[in-house]
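Residue numbers (my numbering): 55 to 267.
Because the hints were derived from the structure by calculation, they are not lab data.
Keep in mind it's a predicted model, so treat the numbers as computed, not measured.
Heads up, a few of these hints could be off.
Distance ranges between label pairs, derived from CB positions [stated by the list, open to error]:
(1) 68 with 145: 40 to 50 Å
(2) 227 with 92: 12 to 22 Å
(3) 169 with 214: 28 to 38 Å
(4) 169 with 141: 21 to 31 Å
For glycine and all other residues, C-beta sits at the position ideal for the given N, C-alpha and C.
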Amino acid sequence: MHPLAAAGSSVSGGFWIYLAIFALVMLGWAGIPGIGATVLGAATAAASQGRLNIAAVLVIAIIAVEAGGMADYSVGIRWGRALLSRPGPLLARRQRMLTAGEAMYVKWGRLAVFFTPCMISGIARMRYSQFVVWNLLAGAIYVISVGFTVYGAGKVTTGQHDPVSVGSLVVGIAVGVAAFLLGRRYHRRRKARRAGAPGGRGAATPAAADEEN
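Work the whole structure out from these sequences, hints included.
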């Protein structure tokens with residue numbers, strides 16, 4: 055059993071387990087690969103078995119992704135380009151990430167927040183006020199989609215086929231699908247606007263991506 059699943063012997067799970075969830079999810083959203091998804095999945099699976107409170111897990115995780123994203127954005131806007139371009143191990147990989155991230159902002163605009171590390175948002179000079187809103191939106195969609203899906207799946211696979219467990223699974227999947235469809239619609243509308251603008255597709259730059267609607 056995962057440590058997060060075993061840590062809480064009651065529904066509340068105790069203060070420290072929730073603090074650990076917050077800290078680890080925040081670190082994951084701040085740029086440490088894999089840790090956020092692992093902890094969120096483990097915590098919601100534990101909640102499905104009554105070891106943690108699902109509402110508390112989801113609220114804490116949403117706050118954590120916002121805090122972690124803001125921290126990574128701040129690093130990106132101040133030192134991000136220098137850090138990714140600094141000679142040393144994995145330089146080629148870091149430069150590819152920088153190039154790909156900036157290309158994503160040119161292509162997708164604000165929607166790139168959903169697909170790139172938050173540091174790239176800072177490097178691309180996305181306005182802070184806009185980043186706060188879009189990072190919160192991206193984080194909330196991610197947490198709700200993953201959280202409800204894992205929570206519902208955890209209940210269903212252990213034989214708890216009640217309306218709440220099935221509904222949670224359906225809601226989690228539906229949120230993910232809806233986000234994908236709305237994102238695709240946003241991209242198509244943005245692409246059409248850019249195609250009709252003076253200068254065509256090449257007119258936008260990463261620094262100006264946040265100026266577009």
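Here is how each hint holds up against the structure:
1. 68 with 145: 40 to 50 Å: 44 Å Cβ-Cβ, so the 40 to 50 Å window holds.
2. 227 with 92: 12 to 22 Å: At 20 Å between Cβs, range holds.
3. 169 with 214: 28 to 38 Å: Once the Cβ atoms are compared, 34 Å apart, the range 28 to 38 Å for residue 214 and residue 169 holds.
4. 169 with 141: 21 to 31 Å: Holds, since residue 169 and residue 141 (Cβ atoms, about 27 Å apart) stay within the stated range.
Comparing the model with each earlier hint shows no violations; every hint is respected.
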